[in-house]
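Protein chains in written order, with the working numbering: chain A, 1 to 165; chain B, 1 to 165; chain C, 1 to 503; chain D, 1 to 503.
The hints are simulated quantities; they were obtained by calculation from the structure and are not laboratory data. Take these hints with a grain of salt, some might be off.
[Said to hold, decoys possible] Some residues of chain A that are not near chain D, with every Cβ distance over 10 Å (derived):
1) 48
2) 52
3) 82
4) 111
5) 122
6) 164
[Said to hold, decoys possible] With a straight-line cut-off of 30 Å between C-alpha atoms, the simulated DSBU-like cross-links for lysine-lysine are:
7) 238(C) to 131(A)
8) 100(B) to 150(B)
9) 167(C) to 100(A)
Predicted model, so just to flag it, every value in this text is computed and none were measured. Where a beta carbon is used, it is the ideal one built from N, C-alpha and C, also for glycine.
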Amino acid sequence: MKYIATIGDKSFEIEILSNGEIILNGEQLTADFQSVADQPIYSLLLDGQSYEASIHPTDSGIQVLLRGQLIDVRVEDERQRRLRESSGGQVIQSGDIHLKAPMPGLVVTIPVEEGQDVASGDNLIILESMKMQNELKAPRAGVISRLRVKTGDNVEQNQVLLILS
Amino acid sequence: MKYIATIGDKSFEIEILSNGEIILNGEQLTADFQSVADQPIYSLLLDGQSYEASIHPTDSGIQVLLRGQLIDVRVEDERQRRLRESSGGQVIQSGDIHLKAPMPGLVVTIPVEEGQDVASGDNLIILESMKMQNELKAPRAGVISRLRVKTGDNVEQNQVLLILS
Amino acid sequence: MFNKVLIANRGEIAVRIIRACRELGMETAAVYSEADRSALHVRQADEAYLLGPAPSRDSYLRGDVIIDIAKRCGAGAIHPGYGFLAERDDFAQSVEEAGLVFIGPRPSAIAAMGDKGVARTTVTNAGVAVVPGTEGEGSLTDEELLQIAPKIGFPLLIKATAGGGGKGMREVQSIDQMPGLLQAARREAESAFGDGNVYLEKLILNARHIEFQILADSHGNVIHLGERECSLQRRHQKLLEEAPSPFMNEELRVKMGEVACTAARSVEYLNAGTIEFLVDRDQNFYFLEMNTRLQVEHPITEMVTGIDIVKEQIRIARGRKLRYTQDDLSINGWALECRVNAEDPYNNFLPSTGVLSSVIAPSGPGVRVDTGVYAGFEISPYYDSLISKLICWGETRGEVILRMRRALEEYRILGVKTNIPFHQTIMDSHRFIAGSFDTRFVEERFSMEDNDAEEKEDLPMIAAVLATLVSHRESQLSSQIIQRGDRDTSNWKWVSRWERMHR
Amino acid sequence: MFNKVLIANRGEIAVRIIRACRELGMETAAVYSEADRSALHVRQADEAYLLGPAPSRDSYLRGDVIIDIAKRCGAGAIHPGYGFLAERDDFAQSVEEAGLVFIGPRPSAIAAMGDKGVARTTVTNAGVAVVPGTEGEGSLTDEELLQIAPKIGFPLLIKATAGGGGKGMREVQSIDQMPGLLQAARREAESAFGDGNVYLEKLILNARHIEFQILADSHGNVIHLGERECSLQRRHQKLLEEAPSPFMNEELRVKMGEVACTAARSVEYLNAGTIEFLVDRDQNFYFLEMNTRLQVEHPITEMVTGIDIVKEQIRIARGRKLRYTQDDLSINGWALECRVNAEDPYNNFLPSTGVLSSVIAPSGPGVRVDTGVYAGFEISPYYDSLISKLICWGETRGEVILRMRRALEEYRILGVKTNIPFHQTIMDSHRFIAGSFDTRFVEERFSMEDNDAEEKEDLPMIAAVLATLVSHRESQLSSQIIQRGDRDTSNWKWVSRWERMHR
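Hey, can you work out the whole structure from these sequences and the hints?
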């Protein structure tokens, strides 16, 4: 099975063979790979080199925390890549972003209003948690189409706070 | 619900009330009791005193490891106790003891034969595991009615090695 | 004298104090909120009493309930730890009035050092230099501030009296900028804190935050245990501390140590405390404040002096004389402390909550971990985000940095995000290794992306392989499920399994 | 000089060596058996190579495979740890012949000290006293032994040459008992080992096992790092060690230390090694043997001297001079080590295997845990039962005993049985606290039932309450299941759940 893994502007062609080996950019290597103690932590022995990483899925790919570095990887097989390339290499930004609470907390300030235009990085909500005031910022420019909470609300983790269109 | 807990020759009368309290030898105490992190380890706050113990069932009762002491407890409710007392206080030793391997290992010596009489504490089997020669002893006097392994066998944990009648 | 100590705190510091008590043969009584029934301090203490619901104001800040519990359970003393009630002179006063021993300074010293103005006046009168400025002098008008400014000298800072977090703060280079900046600062402070009052403070360039650990007994002896370097901060939160300071020399240490002891004596200080200084690049140093309690970062001083500060606190509270004189003390080797917080260093250090699914702490020679958590425990949103303190000791600064690196790499905490990668990036930073940093380093000249680590060029490639292997495995699993006849459900099953695994 | 070290071992000592290498900036290559793919040393090393199936003879004892891997992966040196290949002179020789550095003594020194007879002759020639006896003098007849016996003096021991574990051992009080006891000993040795040869050894009354840590560099410098007290043994397995020895005084330390260095010099010793002595109640001491390798209990010496012995081993192997002279060294404080084994102290110390379901290690000031396991790892039957070494340091022996007590009480290991209760009972033992014990203490004068702990009278009552609460909860659960309509299955469900939980 062939895959293309992309990190930023770098791409790696990786083929996984059935015998526990892989072909990485043309070179054949043995890859002994397993999760440790049923946790999302993985041990890889790649031609004898030992690596351990914690690996998590995200909305846009896979996040690898390896030796103190967080690396975002997009993995596609050939079919997925052809599909994306035939659509002009453009991933269409699907309309709405639901801004969710990253942790439970108390909404202390909402410096925006419904209908307001915001730029990427603007503060949208200040959420108090663990004795800290945490600024939740706009991940991209847009308009606040819906506010789902108000100042003073206690919110749960992953509760939708507002919708950015 | 009333219970009698017996340790050696001491008995404790313990009543568990529905409100999180217990009556221990006539004294009413609050008992906040829970297992920790889904492990067989239990935290008890008894009228504010904090205890933690690891607790395991055995064939004959419940084993409590508390502050470096291992304590065997037999717990009965009133019905069970009456039953036992009406049978003359005698727990009938049910015939056979199946001596099981406490760990995987290699049978290096069997100093007994089928049909042989043994005393309590006699060596029955020498099992090698973790680089140690481990002597498995007779838990009571009896006769070896059946040998299920022979010298040189590799045995699994809990495999029956012999039957003592 | 007391033989049972009530610990009016939670988390790692409660565990730390229980350990000290136990090693002195003292009994311990823990208190806990409804969120902390399974916390390590409750499990470890001899006794544990419920305070109330999770929010601090209903539990760990309920001084009245705590004193009541102490009296009922027969604890003769209360250790407040840090935070919560530790620097509340009214609480210390109530403890004494209840006939109990407060393991800390006298209420009068807490009060004197707790009020910025009084503190500055007191230590100034004792001959200790403070950062030039108008802090603690009450609400001054723009006219008054403009008059005083030239005496302080430029550049200077306008700061909000009610302030914190940089809100209402402005840097002023010259007198003619000042009227406009005063307006702006007051406006911002008013909207942020509902209080437009500001004060002026001399801007110390390349300032370092260096603090001295003090011990004072009830027989009038005051000693210091050397300094801690605490310049690595973010939003005024210390992240990493070391002892000694790479900036220090023996002459300066003696001078600052004496000044620290003088400041402590000026309020008749008792028990453990810390004098914080700002030090400029020319080794001028200014009293900043005194923390009248045990400090989070006390272990690094323990590592280089061999003194168990918490045990000394208890001995002092029992009326004992200090077991050491200033001459007995020497600094042996080097220690670092990394505060491991449940925070995401890749996302603006947002706090992270959840159940810890796995914890493997580093260990081995020269490594100490002070923590109040374990695998299966939940990091709740109610309290601060400190998970543990990773403390290392080495013969030299070089050795301890290498040791801290390997300890950070060994540390595994799953279930919440942590700032361990931040510390790893710092340990690789050339500026940190060279010791050339100041209090603005983390916020202004540091980024998680500028990684100085060597030989990490092939890490992206390895990450690509890892991600691909995980993807491959998951798609294999999902196709197996589909082959077992669940075609309709598409691949949602492995997705949910994968997500469950990563919750 | 080498920059990558292959570690020819597993478990805690492999992890220990990886840490030392990493802190010296060296790369590490681990080797592992099929049972150890998930072991901590494999996870932590930079590289890891499979040796073969689980049994040691197919993996960790395959010196040829190990040397081959070292050459292929570019490791310039091999650290053997302890056990396995550590004291095999032929392996050390092969390593050297392969052009690699053996981190340990020269093959000739291993060989000389590995043969009891040669070792005794060598150190005797150097003027070191050995336990009087005939060990290493070959197979003597009964007539010869009866002739020699009066010269050794009574009481004496008859011991099996092939021996161990007390088999074929007899204590002889007088010459007229001896012929019969010789017969019996030979018979027992023959049946146990297939070898009826025996030797005589003077019986040392109230013997203590005290050993000296040696460091020797390639420039001819030999120093000792003081002694370790290792008298607490069971079936010749050390269980608990301390440094210094409560039996030691400075005069005796100097004398024994010099003799230890002399013994090391007699075989041109290089790197770290240990001279074991038997010491009688009158402070007469006798050379027992030399362990030509790193010792399990090396950390207690590290704690009281501040020297990282494993790092020194690597430096010595790189040809460096020792960084310390004998005069630089001093003993600071007191250290204890408890060997935490997967053994059931309530059932004849039978080994225990299984997956560790939960591990909470103690920590805090003065506590170090060296381990190769973690929650989720399986303790297999293939290797020794050592799970971890719990090491504590304190200013005094009293302080370190109290600290060890609290550390043992904090330690939680679930999934296998451990000997932690044994160590807790020892820490409470009046004889241990008083320091009055010898090598026979554990086997002859100690019992898990004779508990000296104070204030434990109400523990049975608490255990009764705990057991009752568990029983109650389980019967409630089972009746709920029955009420949900599963009456037929009776209560097997909660039983299996309960058993599953306790597997």
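Hints, verified against the model:
1. Listed as a non-interface residue, residue 48(A) fails to keep its Cβ farther than 10 Å from every Cβ of chain D; the least gap is roughly 5 Å.
2. With a least CB separation of 5 Å from chain D, residue 52(A) falls inside the 10 Å interface cut-off, contrary to its annotation.
3. Here residue 82(A) stays apart from chain D, with its beta-carbon at least about 37 Å from theirs, past the 10 Å limit.
4. Residue placement check: residue 111(A) keeps its beta carbon more than 10 Å from all beta carbons of chain D (closest about 43 Å).
5. Against chain D, the non-interface label of residue 122(A) holds: every CB pair exceeds 10 Å, the least being about 43 Å.
6. Every beta carbon of chain D lies more than 10 Å from that of residue 164(A), the smallest distance being close to 41 Å; the non-interface claim holds.
7. With a CA separation close to 15 Å, the supplied pair residue 238(C) and residue 131(A) stays within the 30 Å bound.
8. The straight-line distance between the Cα atoms of residue 100(B) and residue 150(B) is roughly 14 Å, inside the 30 Å bound, and the hint therefore holds.
9. Taking the CA atoms of residue 167(C) and residue 100(A), the gap is near 26 Å; set against the 30 Å cutoff, the hint holds.
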